[in-house]
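Chemist: Okay, here's what each chain looks like letter by letter:
There are 2 protein chains.
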Amino acid sequence: MTRQQLIEQIYTKQSYLCVGLDTDLSKIPPHLLQQEDPVFAFNKAIIDATQDLCVSYKINTAFYEAMGLAGWQAMQKTVAYIGNNHLTIADAKRGDIGNTSTQYAKAFYEALPFDAITVAPYMGEDSVKPFLEYADKWTIVLGLTSNNGAKDFELQTCGTQLLYEKVLQTVATWGTPNNLMFVIGATQASEFVNIRKIAPQHFFLVPGVGFQGGSLKDISETALLANDCGLLVNASRAIIYASAKEDFATEARAIAYQYQQEMATYLK
Amino acid sequence: MTRQQLIEQIYTKQSYLCVGLDTDLSKIPPHLLQQEDPVFAFNKAIIDATQDLCVSYKINTAFYEAMGLAGWQAMQKTVAYIGNNHLTIADAKRGDIGNTSTQYAKAFYEALPFDAITVAPYMGEDSVKPFLEYADKWTIVLGLTSNNGAKDFELQTCGTQLLYEKVLQTVATWGTPNNLMFVIGATQASEFVNIRKIAPQHFFLVPGVGFQGGSLKDISETALLANDCGLLVNASRAIIYASAKEDFATEARAIAYQYQQEMATYLK
Numbered sequence: 027m028t029r030q031q032l033i034e035q036i037y038t039k040q041s042y043l044c045v046g047l048d049t050d051l052s053k054i055p056p057h058l059l060q061q062e063d064p065v066f067a068f069n070k071a072i073i074d075a076t077q078d079l080c081v082s083y084k085i086n087t088a089f090y091e092a093m094g095l096a097g098w099q100a101m102q103k104t105v106a107y108i109g110n111n112h113l114t115i116a117d118a119k120r121g122d123i124g125n126t127s128t129q130y131a132k133a134f135y136e137a138l139p140f141d142a143i144t145v146a147p148y149m150g151e152d153s154v155k156p157f158l159e160y161a162d163k164w165t166i167v168l169g170l171t172s173n174n175g176a177k178d179f180e181l182q183t184c185g186t187q188l189l190y191e192k193v194l195q196t197v198a199t200w201g202t203p204n205n206l207m208f209v210i211g212a213t214q215a216s217e218f219v220n221i222r223k224i225a226p227q228h229f230f231l232v233p234g235v236g237f238q239g240g241s242l243k244d245i246s247e248t249a250l251l252a253n254d255c256g257l258l259v260n261a262s263r264a265i266i267y268a269s270a271k272e273d274f275a276t277e278a279r280a281i282a283y284q285y286q287q288e289m290a291t292y293l294k
Numbered sequence: 027m028t029r030q031q032l033i034e035q036i037y038t039k040q041s042y043l044c045v046g047l048d049t050d051l052s053k054i055p056p057h058l059l060q061q062e063d064p065v066f067a068f069n070k071a072i073i074d075a076t077q078d079l080c081v082s083y084k085i086n087t088a089f090y091e092a093m094g095l096a097g098w099q100a101m102q103k104t105v106a107y108i109g110n111n112h113l114t115i116a117d118a119k120r121g122d123i124g125n126t127s128t129q130y131a132k133a134f135y136e137a138l139p140f141d142a143i144t145v146a147p148y149m150g151e152d153s154v155k156p157f158l159e160y161a162d163k164w165t166i167v168l169g170l171t172s173n174n175g176a177k178d179f180e181l182q183t184c185g186t187q188l189l190y191e192k193v194l195q196t197v198a199t200w201g202t203p204n205n206l207m208f209v210i211g212a213t214q215a216s217e218f219v220n221i222r223k224i225a226p227q228h229f230f231l232v233p234g235v236g237f238q239g240g241s242l243k244d245i246s247e248t249a250l251l252a253n254d255c256g257l258l259v260n261a262s263r264a265i266i267y268a269s270a271k272e273d274f275a276t277e278a279r280a281i282a283y284q285y286q287q288e289m290a291t292y293l294k
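Sequences listed follow chains A and B, in order. For the first sequence, my numbering assigns the number 27 to the initial residue and increments by one for each residue that follows. For the second sequence, my numbering assigns the number 27 to the initial residue and increments by one for each residue that follows.
Watch out, some of these pointers could steer you wrong.
Put simply, identical chains are the same to the list, so a pair is met inside one copy or across any two.
What the hints assert, rightly or not - Listed below are the simulated DSSO-like cross-link pairs for lysine-lysine, each with C-alpha atoms no more than 27 Å apart in a straight line:
{"#": "1", "residue 1": "K271", "residue 2": "K163"}
{"#": "2", "residue 1": "K132", "residue 2": "K155"}
{"#": "3", "residue 1": "K177", "residue 2": "K132"}
{"#": "4", "residue 1": "K271", "residue 2": "K243"}
{"#": "5", "residue 1": "K53", "residue 2": "K294"}
{"#": "6", "residue 1": "K223", "residue 2": "K53"}
{"#": "7", "residue 1": "K132", "residue 2": "K103"}
{"#": "8", "residue 1": "K177", "residue 2": "K39"}
{"#": "9", "residue 1": "K223", "residue 2": "K177"}
{"#": "10", "residue 1": "K132", "residue 2": "K243"}
{"#": "11", "residue 1": "K177", "residue 2": "K70"}
{"#": "12", "residue 1": "K132", "residue 2": "K53"}
{"#": "13", "residue 1": "K223", "residue 2": "K132"}
{"#": "14", "residue 1": "K132", "residue 2": "K271"}
{"#": "15", "residue 1": "K132", "residue 2": "K70"}
{"#": "16", "residue 1": "K271", "residue 2": "K103"}
{"#": "17", "residue 1": "K53", "residue 2": "K155"}
{"#": "18", "residue 1": "K243", "residue 2": "K163"}
{"#": "19", "residue 1": "K103", "residue 2": "K177"}
{"#": "20", "residue 1": "K103", "residue 2": "K243"}
{"#": "21", "residue 1": "K70", "residue 2": "K155"}
{"#": "22", "residue 1": "K294", "residue 2": "K177"}
Since the hints were derived computationally from the structure, they do not count as laboratory data.
Chain A on its own, in the form it takes in the complex (with noise of 0.2 Å):
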């Protein structure tokens, strides 16, 4: 999907909502438990209940790995049922030398048909450009994250600068706004102004909303373009955890439409 399309995904739906698909064996309504595939048959269910309210779904790897095969298993068929109408990231948190960024590559954009991955920027350059090197693949590499560790490494100072805004700054060399975004984390509202210069053009994978507490209000009200949004906000336990019952994907799909009837009066 590239950035025209994803941004007319926006603007047609009025909508800035990526559902992150968490699935966590443990969580979900009981009744699944006895289906075949359980974890696919959540994510189904979630999917038919909220594909008109997003324009993007997230999967966090590390619940279907931590399933073994069947987990990625699962993960295959996900991303096959979510089909190309959304973009699909698979946040997976990748990033290692050069010839293995490229394994990862291939595992994320050709066996399983990923339209992003999220990457850690650790290991520098040669770990990240494999990925960019897909024309028509997305790059989200991890600027300011939303958890509380964040302090540790990215919010030290770095030089003159901020750890995360030195990894802004030179990330932001190394592809385009159409080829690479940046994970920031909802519960950093007080640097979004601050980040929003550093990266202009580039959009921002936002989870942290709901669960982790912080505020759609506040993102958007300094973070979106004016024509181009630039905002992914990503909500996953708020959503496909709304309810334990048989009700869930009703209830899945209620507050997914709360998210989207907010983003759409700060789209206008």
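Fit chain B to the given chain A structure using the hints.
Modeler: Below, chain B alone, put in the same frame as chain A:
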């Protein structure tokens, strides 16, 4: 495998060699491709040929993920085949917010029975802690890596230190030399004296000898600990692709034997 058991293995075998199983279908001897599971067949032959010369095997997960389900299955069979007499390392470079790192820990310490996993430090303490909570397992955090990209962030000044120095010092407070190691690239020999001062007791997992050009001699002379060794030196491509013909296992053994013999001289 505890620190004491690992040290015993090292002095018994007179080796601190880790063999890296970066198994790539396009590089293994063509006659294996007719096997039902060529990757496992290759790994099994390499393990059989080297197991008395090394104390550890490192599986580079990227190469397995790139093959999709079949790759994940080959990884499962390989780690089971290695068994309990070698330290099994998932070279996976994972790390995410706490509840997600917990899932990665489940994936590699439970669903797959690895002894150790490599972890990226960028996201800070709560992204690393879930791995350290497993009593009998090892967390191997990236310090200074072997690739050229290390200069982009790891070798940048951060306050009064380099970033990687800050990472080593900070992360060392989260675990102990009994459950925490660091990745230090063999190509960074000029930094080894300094690194050993910062982490005087920890084991270092050292990739980058062989194909990447790091010197076993330089590393051993500067960072080997008097009684505890404190080093696991990894070679992947130099050993497993020593020959692309039917004699690949014999040739792999020959290279592993050279490393072991050299290591024996440094252990004395």
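Chemist: Have a look at K243 and K163 and pick one of within, between, both or neither, based on CA distance no larger than 27 Å.
Modeler: neither (29 Å within a copy, 43 Å between copies)
Chemist: Classify it for me, K103 with K243: is the Cα-Cα distance of at most 27 Å met within a copy, between copies, both or neither?
Modeler: So K103 and K243 fail the 27 Å test inside a copy (34 Å) and across (49 Å) alike.
Chemist: Between K132 and K70, at a C-alpha cutoff of 27 Å, which is it: within one copy, between copies, both, or neither?
Modeler: both (25 Å within a copy, 24 Å between copies)
Chemist: Please work out whether the CA atoms of K271 and K103 approach to 27 Å or closer within one copy, between two copies, in both situations, or in neither?
Modeler: within (24 Å within a copy, 38 Å between copies)
Chemist: Using 27 Å as the alpha carbon limit, work out where K271 and K243 are close: within a copy, between copies, both or neither.
Modeler: neither (30 Å within a copy, 62 Å between copies)
Chemist: How would you classify K70 and K155 at a CA-CA limit of 27 Å: within, between, both, or neither?
Modeler: neither (33 Å within a copy, 33 Å between copies)
Chemist: State whether the alpha carbon distance between K177 and K39 is at most 27 Å within one copy, between copies, both, or neither.
Modeler: Classified as neither: same-chain Cα gap 36 Å, cross-chain 43 Å, threshold 27 Å.
Chemist: Between copies, within a copy, both or neither: which fits K177 and K132 at Cα up to 27 Å?
Modeler: Answer is between; shortest inter-copy Cα gap is 26 Å, intra-copy 33 Å.
Chemist: How do K271 and K163 come out at 27 Å by Cα distance, when the copy is not named: within, between, both, or neither?
Modeler: Answer is neither; intra-copy 37 Å and inter-copy 37 Å both fail.
Chemist: Quick one: K294 to K177, C-alpha cut-off 27 Å, is that within a copy, between copies, both, or neither?
Modeler: neither (35 Å within a copy, 44 Å between copies)
Chemist: At 27 Å max between alpha carbons, let me know whether K177 reaches K70 within a copy, between copies, both or neither.
Modeler: Classified as neither: same-chain Cα gap 37 Å, cross-chain 44 Å, threshold 27 Å.
Chemist: Is it within a copy, between copies, both, or neither that the alpha carbon of K223 lies no farther than 27 Å from that of K53?
Modeler: Neither: 40 Å inside a chain and 46 Å across chains, both beyond 27 Å.
Checked against the numbered hints above, the structure breaks hints 1, 4, 5, 6, 8, 10, 11, 13, 18, 19, 20, 21, 22 and satisfies the rest.
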